[in-house]
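From first to last, the protein sequence lines are chains A and B. Each number in our numbering corresponds to the 1-based position in the first sequence with 1 added. Each number in our numbering corresponds to the 1-based position in the second sequence with 119 added.
Source of the hints: derived by calculation from the structure; they are not laboratory data. Remember, it's a predicted structure, so these values are computed and weren't measured experimentally. Hints are not guaranteed to be accurate.
Unchecked claim - 30 Å max Cα-Cα, derived DSS-like pairs, lysine-lysine: (1) A:K306 <-> A:K222; (2) A:K278 <-> A:K121; (3) B:K163 <-> A:K121; (4) A:K278 <-> B:K163; (5) A:K306 <-> A:K278.
Here is how the chains run, residue by residue.
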Amino acid sequence: MRIPIDRFTLPNGLRVVLSEDHTAPLVAVNLWYHVGSANERHGRTGFAHLFEHMLFQGSANVGANEHFELVQRAGGTLNGSTWLDRTNYFETVPSNQLELALWLEANRMGWLLPAMTQQKLDTQRDVVQNERRWSMDNQPYGSWWERLPALCYPVEHPFNHSLIGSMADLDAASLDDIATFFATYYTPDNAVLSIAGDFDPAEARAMVERQFGAIPRGQGKPPLPDMSLPPTFGEPLREVVPDDVMLPRLFLAFRSPAFGTDEYYAASVAGAVLGLKKSSRLYRALVREQQVAADAQAFTYDLSKGADLLVVDVTARPETTVEALEAAVHGEIDRMLRETVTQQEIDRVVTLIETELVAALQSASERADRLSMFTTYFGDPGLVNEQADRYRAVTVERVNAFVRERLVHENRASLLYVPRDEAEASEPAPVQGDLAMAEAP
Amino acid sequence: MSTGQPPMPAERPQPTAPRSYHFPRFERATLHNGLRLVVAPVSKLPLVTVLAIVDAGAVAEPADKQGVAVLTAQLLLEGAGQLDGAALADRFERIGASVDSSADWDVAAVSLTALTAQLPEALALVRDLLRTPTFPEREVSRLREERLAELLQQRAEPGTLADEQFSCAVYAPTARYAAPVSGDVASVRGLQRDDVLAFYQERFHPGATTIVFAGDVTMTQARALADSLFGDWTGARPPASAAPVDTAQPGALTRIIAKVDAPQSELRLGHLGIPRSAPDYFDAVVMNAVLGGLFSSRINLNLREAHGYTYGAFSSFDWRRGRGPFTVSTAVKSDVTAEAVKEILLEIDRMRREEIDETELTLATSYLDGVFPIRYETTSAIAAALANLVIHELPGDYYDRYRERVRAVTTAGVLRAAQAHLHPDALRIVIVGDPATIAEPLRAVVGAVEVVTPDVAEAAR
């Protein structure tokens with residue numbers, strides 16, 4: 002299955018990808034800016050994400066709250082999200098409203114600053130601090146979002162620090178920061194615009210030129226530091242977190258090859274053999290057979306620079322001790338090292354992944370997002386049509402080479418959550434040092 | 120910034136002429152044994168979703184077997200015909216098919232999405248699990264223990280705890296809706312294989328089953344597959360599920376479930392709602408959209424965008440065959456809990472007091488009208504929509520008429536729905552939060568406030 006792809010670049014550097022599909026009268030617009038929390042530094046964390054919120058606060062021609070209202074009044078859906086190495090904004094609208102969506106995106110790319118006020122910044126800071134409380138601080142295990150990268154990447158590495166940001170850093174963000182960040186990163190030559198769905202290509206191109214053509218190219222952005230890392234952590238890493246939880250839970254992370262490389266696909270397949278669905282090794286062994294876990298899964302962060310993470314996530318059953326949980330998970334990883342992965346296991350996961358790809362591409366929003374992603378990371382939207390082939394090309398030798406190189410003890414980082422009461426009864430308080438999140442006084 | 124502003128952009132563009140859209144055409148058929156088929160051929164991609172729904176939801180459970188509906192549905196995947204659970208999972212996954220089985224208040228549902236080429240093999244497995252599940256003792260006990268682990272876990276999740284305690288506060292203890300759909304600790308602990316088997320034998324019959332196909336398949340193909348796999352399935356149609364007991368607790372109440380030092384309060388506020396069959400369903404949907412259903416709703420704009428109290432605040436009617444709850448739901452910074460409650464009460468009151476503006480009405484109606492095609496991009500969304508027709512006995516032209524009915528809602532209809540279905544004098548307010556910070560300020564807003572520990576709340580169930 003292949004989706005059609007057409008592309009062009011405006012003189013100001015904006016890369017545009019079009020993918021037509023006239024099944025239904027709807028169209029998805031998707032913008033990726035190549036900036037994320039990795040572009041922040043310690044002491045200024047959370048800014049990329051706070052900035053994403055500010056982009057919904059209006060621009061020269063769009064009032065506060067009007068962005069959401071105009072899209073919803075048009076019968077569209079919308080949102081944005083921030084990740085370690087990118088930020089995206091997207092709408093799906095009835096196809097006769099395509100130019101409205103483009104106009105809104107162009108307005109905030111070109112004319113955001115006249116609409117920024119201290120009051121809007123203060124309110125969104127409050128909103129984001131509540132987002133932090135809701136997703137992390139008042140959520141069992143919630144701190145894993147920032148503890149795991151902090152454990153797995155060196156302190157000065159761009160992926161080390163918190164994406165949502167510390168309360169103190171969020172408090173310190175100023176309107177000047179907004180202006181500087183905007184001028185540096187929210188430029189057409191640092192963005193990819195994808196349009197997927199029901200449109201006429203010539204008309205869509207004219208709309209894009211009309212709406213985005215006048216926005217000037219940026220002045221370049223500061224380069225990220227060298228992000229390359231050795232293939233393993235070099236030694237087992239471990240952090241124990243006593244938390245307000247009822248069941249122990251282990252996040253076991255492995256440093257793994259960057260998204261998009263041949264080795265990445267082998268890593269992704271190995272991860273799926275371990276933790277994708279009920280025939281995966283972890284589910285079969287820990288949930289079904291040994292019954293030590295209530296749930297088990299594995300996933301990758303899909304980071305395209307430096308090093309990715311493959312993460313195994315297992316929650317204990319109530320009667321399982323912390324020690325038994327750890328032993329069981331490591332036992333399964335050791336077994337994979339010892340007994341290797343079979344072709345039959347690889348066939349299962351590749352078939353599953355292929356079906357999931359087809360199912361995901363039903364949605365215009367997904368198609369547009371993936372086109373933006375492959376263009377942003379690799380300059381090639383056509384990679385969206387090669388994913389099934391990349392997975393099919395993964396050999397049993399490559400998977401086992403990955404297993405031998407990366408699932409070893411010196412490449413295991415354990416982030417272990419234990420019920421606070423149990424922790425207090427059985428072991429001394431762990432040293433958290435610089436892994437502890439910085440809190441506002 | 121060293122660069123000046125670029126020239127101002129073009130005027131806001133006006134929409135071009137809309138292209139027409141119709142919900143996917145579908146056909147219905149009934150097999151000789153009473154099993155019903157609904158088939159929507161959509162041939163965009165080589166993919167089919169099959170959704171088998173059985174009249175075996177939680178409201179059909181015996182009174183002392185809460186949770187048996189969900190447990191039974193989940194256990195279908197844990198052994199059928201000659202295959203044990205591991206072998207079943209392996210067979211589905213080897214052909215890339217994704218399968219799930221669960222139950223909600225009204226029905227049990229087995230869903231399958233597979234590439235067209237794999238449909239016959241995948242559907243043969245679905246036949247096995249619907250017709251010849253084995254319910255191995257070991258798996259019954261494993262899933263029961265996993266549910267108990269989940270319940271234990273949820274006591275540490277403020278959002279889930281608030282949801283559960285809110286249901287408890289809204290419904291009389293005798294109402295099935297008072298307890299979680301998967302059952303509570305006391306009931307789940309008692310569930311045995313015999314209970315599952317009895318529930319299966321009573322509820323799972325061809326006459327109580329509808330199979331929906333959506334995707335790359337024709338009626339002829341679906342009919343032939345269904346005939347060969349389900350045509351010889353026999354069994355009487357079970358009694359229709361009794362009308363769910365959905366009585367409310369009388370009066371208003373504010374209850375804090377203590378979570379000492381919580382940085383946020385998880386807040387649920389509401390009361391008994393209305394059933395899906397309510398004659399003024401569309402008025403109520405639009406009313407809720409304006410009040411708290413949309414991002415640009417009154418409650419969200421007030422609590423989030425004007426005050427910064429929260430990451431989001433929403434309201435909803437939970438549409439069931441019986442009277443599901445009406446709920447306003449949010450998580451707010453602890454020290455503004457009372458203010459947040461006050462603002463929500465004001466918004467509910469304003470909704471009942473005066474007609475909404477025409478611009479608010481059209482925001483909600485043009486959103487619901489325009490977003491309609493976007494909701495049905497995937498085979499699984501289309502199958503779910505068709506299942507809804509069956510579950511709620513909606514007319515066959517329901518989706519064809521949906522948009523005109525939304526557009527027909529008036530400001531007067533919205534006011535009527537608000538006055539009929541919002542009850543400020545019967546609000547049940549449940550908050551998981553820090554009593555030391557929130558209790559006193561709350562008393563100034565609502566009067567009496569109960570404070571209980573999670574253990575007491577659990578024991579009172």
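Results for each hint:
1. A:K306 <-> A:K222: 17 Å, holds
2. A:K278 <-> A:K121: 44 Å, violated
3. B:K163 <-> A:K121: Violated, because 44 Å separates the two Cα atoms, which is more than 30 Å.
4. A:K278 <-> B:K163: 27 Å, holds
5. A:K306 <-> A:K278: Roughly 28 Å separates the two Cα atoms, so the pair holds.
The structure shown violates the earlier hints numbered 2, 3.
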